[in-house]
Amino acid sequence: MGLIVAENITKDYQIGEVTVRALKGASFNIEPGSFVSFVGPSGSGKTTLLNLIGCLDKPSGGRLLVAGMDVSSFGKKDSAVFRGKNIGFIFQDFNLIPVLTVFENVEYPLLMVQNASPGDRKKRVMSLLGAVGMTEQKDKYPDQISGGQKQRVAVARALVTNPKLVLADEPTANLDHKTAYMVIELMKKMRDDFQTTFIFSTHDQKIVGEAEILYTLEDGELVGKQMKGEEDNA
Amino acid sequence: MHNLFKIAIRNLMRYRRRTLLTASLIAIGVIFVVVFVSVSGSFKNMIISQITGSMLGDIEIHRKGYVASIDNLPLTLMMNPQQVKAAEDAIGKVPQIEAYSPRIKFGGLFSNFTETTNIRLNGVDPDMEMKTLPLLASRIVEGEKGIKKGEILVPQLLARGMNVKVGDMVVVIATNKDGSVNGKQLKVGGILESATGPGGRDGYVHIEDAIEILRMEEQEISEIAIRIHDFGKLRNVASSLEGDLSKYGNKQGKSVFEVHTWETLSPFYNIARMIDMMTLFIKIMLIAIVLISIMNVMIMAVYERIREIGTIAAIGTLPGKILSMFVIEGFSLGVLGALVGNVVGLVIVYILDLAKITFNFGMQTGLILSPTLQASDILVVSVIVIIVAVLGSLQPALKASKMEPIVALRHV
Numbered sequence: 001m002g003l004i005v006a007e008n009i010t011k012d013y014q015i016g017e018v019t020v021r022a023l024k025g026a027s028f029n030i031e032p033g034s035f036v037s038f039v040g041p042s043g044s045g046k047t048t049l050l051n052l053i054g055c056l057d058k059p060s061g062g063r064l065l066v067a068g069m070d071v072s073s074f075g076k077k078d079s080a081v082f083r084g085k086n087i088g089f090i091f092q093d094f095n096l097i098p099v100l101t102v103f104e105n106v107e108y109p110l111l112m113v114q115n116a117s118p119g120d121r122k123k124r125v126m127s128l129l130g131a132v133g134m135t136e137q138k139d140k141y142p143d144q145i146s147g148g149q150k151q152r153v154a155v156a157r158a159l160v161t162n163p164k165l166v167l168a169d170e171p172t173a174n175l176d177h178k179t180a181y182m183v184i185e186l187m188k189k190m191r192d193d194f195q196t197t198f199i200f201s202t203h204d205q206k207i208v209g210e211a212e213i214l215y216t217l218e219d220g221e222l223v224g225k226q227m228k229g230e231e232d233n234a
Numbered sequence: 235m236h237n238l239f240k241i242a243i244r245n246l247m248r249y250r251r252r253t254l255l256t257a258s259l260i261a262i263g264v265i266f267v268v269v270f271v272s273v274s275g276s277f278k279n280m281i282i283s284q285i286t287g288s289m290l291g292d293i294e295i296h297r298k299g300y301v302a303s304i305d306n307l308p309l310t311l312m313m314n315p316q317q318v319k320a321a322e323d324a325i326g327k328v329p330q331i332e333a334y335s336p337r338i339k340f341g342g343l344f345s346n347f348t349e350t351t352n353i354r355l356n357g358v359d360p361d362m363e364m365k366t367l368p369l370l371a372s373r374i375v376e377g378e379k380g381i382k383k384g385e386i387l388v389p390q391l392l393a394r395g396m397n398v399k400v401g402d403m404v405v406v407i408a409t410n411k412d413g414s415v416n417g418k419q420l421k422v423g424g425i426l427e428s429a430t431g432p433g434g435r436d437g438y439v440h441i442e443d444a445i446e447i448l449r450m451e452e453q454e455i456s457e458i459a460i461r462i463h464d465f466g467k468l469r470n471v472a473s474s475l476e477g478d479l480s481k482y483g484n485k486q487g488k489s490v491f492e493v494h495t496w497e498t499l500s501p502f503y504n505i506a507r508m509i510d511m512m513t514l515f516i517k518i519m520l521i522a523i524v525l526i527s528i529m530n531v532m533i534m535a536v537y538e539r540i541r542e543i544g545t546i547a548a549i550g551t552l553p554g555k556i557l558s559m560f561v562i563e564g565f566s567l568g569v570l571g572a573l574v575g576n577v578v579g580l581v582i583v584y585i586l587d588l589a590k591i592t593f594n595f596g597m598q599t600g601l602i603l604s605p606t607l608q609a610s611d612i613l614v615v616s617v618i619v620i621i622v623a624v625l626g627s628l629q630p631a632l633k634a635s636k637m638e639p640i641v642a643l644r645h646v
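Quick mapping for you: the protein sequence lines, in order, are chains A and B. The numbering of the first sequence is the working numbering, which starts it at 1 and goes up by one. The numbering of the second sequence is the working numbering, which starts it at 235 and goes up by one.
No wet-lab data here; the hints were simulated from the structure. Virtual Cβ for every residue (Gly too), placed ideally from N, Cα, C. Hints are supplied without guarantee of correctness; some may be wrong.
Claimed, not checked - Taking lysine-lysine pairs in the BS3-like style, the calculated list, with each CA pair at most 27 Å apart, reads:
(1) B:555 <-> A:138
(2) A:58 <-> B:636
(3) A:58 <-> B:633
(4) A:164 <-> A:77
Stated by the list, open to error - Stretches of chain B that chain A covers, calculated by requiring three or more beta carbons in the stretch to come under 8 Å of a beta carbon on chain A:
(5) 235–249
(6) 549–562
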């Protein structure tokens, strides 16, 4: 069984009196340890899909299993607990907490979500900071480091709790091409080192090729799946 | 918890100017309350101690009905020796009573041989009266600080009006309860400073002189003034006396005695209550200041940090912890404001104390304002500020904790 199993999931938004279907019956199966990308133009439903997988939102229809759990039945607190335990997030704008240092930002999920012991926290955080090459900057605040470095810190924060899955919504949108490529390479290395499943969305054609499995979305529909080195088999 | 405080304090320091302004506003409110409570409290306590320590005593025991007609100083409503003995027995059973003094109060005529006027007099046992009213001696502005047999302490205004001085001879004439008139020559032993309140313009004579003037066959007493060790236990002592004396009933089964605290005997009690009311309103204003400023700053904090709230919620922070983060911010602001306000307030009170500001109250002039603060005053103000700060931050904190992460993350 896959880490993520989606069966004909839909998502509707109510905008005034109009119902807009943002996702029109997507079905897919993502295996553990995959490096997956959802691509498509703006408004194609990438963020909606990632929000559903990340238990930040609930599908309007269909069935969605994440790590064997039917996440559509979760309440707000259950969702938060599930996310804290199983999912790491990387955001387009990095979303580091400005009043915390690099070390404290990475430590935050262990401290506030998982209540890990101080010894465990230090060991895990230093190991992750070493893995993303940010040990030297550990005492700096987010406004003292570059965009690429911020995203490295965000990668470390996403991985610090040993999640089964890391979701990254447009993680390179605010980075130059070289830095974007480095971040994607870092994510891939982390997948290799920790066997964590990475799913990211992008509309940047230059980094699309870095994904091992590529799902293409158009107008809320999943229109293609492509394995690296294969032709589109949609 | 330590980490929640760390994050809260760093968030407060992030908007340093706003934090300082809000804390200053709270501190100013606290300063007002602290200074007002100390100044009004010391004024109130000073006047109460003047009234109870130099005129009334803390508690008085009368025969039933006496207080209702106290303006007439009725000689027909006095306690007979058996009743006085019963009252003294009841007093003896209450260990909180420090001293007591039986008094014969009567009205009469005061003559300097050329002019005559009316006078209210207290016939007292000097030792007992001085123990019960320790501030009485300080009201004797001329003459010896005591009441001797054959002498009279004349109220200052009367002495001035009648042009009598210490050592002069005067005549006191009074009608006794049988209607017969008697007079006695007395030497002016001292001039008594007039004071505002009941008994503030009364003269004093020795109790034996009063008995002689009123031609009493047996010693009857108008009232027994009582001083207690701990003024805070006033009502307890009064209730205890009342309970003990209630067993002495008349033919109708009603108690022969009445027990009154100074509060029911002095009009200043109403002023004291007004001061308490003003203190209460000042505290309510402080609550409003803290509530509005904390709510304002916390609403802004939540609004400015919506994306941050979305981020921490997305990575699994439970709503309760998000709520705690913001409540602790409000709490920390309250603590800061209370701390600064109390410290500055204490400094101002100390300076006022050193300045020895004088004021007049009624007939008393040159009273020195010496504001003091009890630890309980500081504690009450601090607790009010902190509780209100927490309450003020609760609504914005609840809003933050209930925020949907997906909506918060979308916020621009």
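Hints and how they fare:
| no. | hint | in the structure |
| --- | --- | --- |
| 1 | B:555 <-> A:138 | holds, 25 Å |
| 2 | A:58 <-> B:636 | holds, 17 Å |
| 3 | A:58 <-> B:633 | holds, 21 Å |
| 4 | A:164 <-> A:77 | holds, 19 Å |
| 5 | 235–249 | holds (count 6) |
| 6 | 549–562 | holds (count 6) |
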